[in-house]
Amino acid sequence: MALPHLPANSIEHHQKRFFMQLGFRFIQDLVTDYELEAEIDVLLGYFKRFWLNVVGPWNFAVYRLRYHTDNFIESYHATLVRLMGQHPPLY
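The letter at position 3 of the sequence shown is residue 3 when you use the working numbering, and the numbering goes up by one with no holes.
What the hints contain is simulated information worked out from the structure, not anything from laboratory work.
Note that this is a predicted model, so its numbers are computed, not measured.
Even glycine gets a Cβ: it sits at the ideal position worked out from N, Cα and C.
Be a bit skeptical, because a hint or two may be false.
[Unchecked claim] Simulated restraints, written as ranges between beta carbons of each label pair:
id, residue 1, residue 2, range
1, H87, G56, 21 to 29 Å
2, P89, Q21, 45 to 53 Å
3, W58, Q15, 34 to 42 Å
4, H5, D29, 13 to 21 Å
5, A2, G45, 17 to 25 Å
6, I27, H68, 13 to 21 Å
7, H87, R49, 36 to 44 Å
8, K16, L80, 16 to 24 Å
9, R17, E37, 21 to 29 Å
10, N53, F26, 14 to 22 Å
11, V81, K16, 32 to 40 Å
12, V54, G85, 38 to 46 Å
13, V81, Q15, 34 to 42 Å
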């Protein structure tokens, strides 16, 4: 899920509110609309119980952060792949 890319607290942009828990509710509504509760209900329950209620959105939100990971090696490797391509020639 891309929810960490939403702000932890409510913001207004173009006269619409955005925040992580609202995005989560939107996903829940989509799951209901497409009748996918049986397939994904356990995952949504876990995400809500642990990530939203225990950890808290403000502790894993990456909205407006320059780096979206705390693993800088991962960021470095992503930059290399972007610059060199997935499988660069050896010579």
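Outcome of range test on Cβ distance (R17, E37; 21 to 29 Å): holds, 26 Å
Cβ distance range 13 to 21 Å for H5 and D29, holds or violated: holds, 19 Å
Consistency of beta-carbon spacing, R49 to H87, with hint 36 to 44 Å: holds, 41 Å
K16 paired with L80, Cβ distance criterion 16 to 24 Å: Roughly 37 Å apart at Cβ, these two residues miss the hinted range, so it is violated.
Whether the CB-CB distance between V81 and Q15 falls inside 34 to 42 Å: holds, 38 Å
Supplied distance hint 17 to 25 Å, evaluated on CB atoms of A2 and G45: holds, 19 Å
Outcome of range test on Cβ distance (W58, Q15; 34 to 42 Å): violated, 24 Å
I27 versus H68 beta-carbon gap, inside 13 to 21 Å or not: holds, 20 Å
Verdict for V54, G85 (Cβ pair) under range 38 to 46 Å: holds, 40 Å
Supplied distance hint 32 to 40 Å, evaluated on CB atoms of V81 and K16: holds, 34 Å
Distance restraint hint 14 to 22 Å, applied to the beta-carbon atoms of N53 and F26: holds, 18 Å
Cβ separation of H87 and G56, checked against the hinted range 21 to 29 Å: Cβ of H87 to Cβ of G56: about 40 Å, so the range 21 to 29 Å is violated.
Of the numbered hints given earlier, the model fails hints 1, 3, 8; all others are met.
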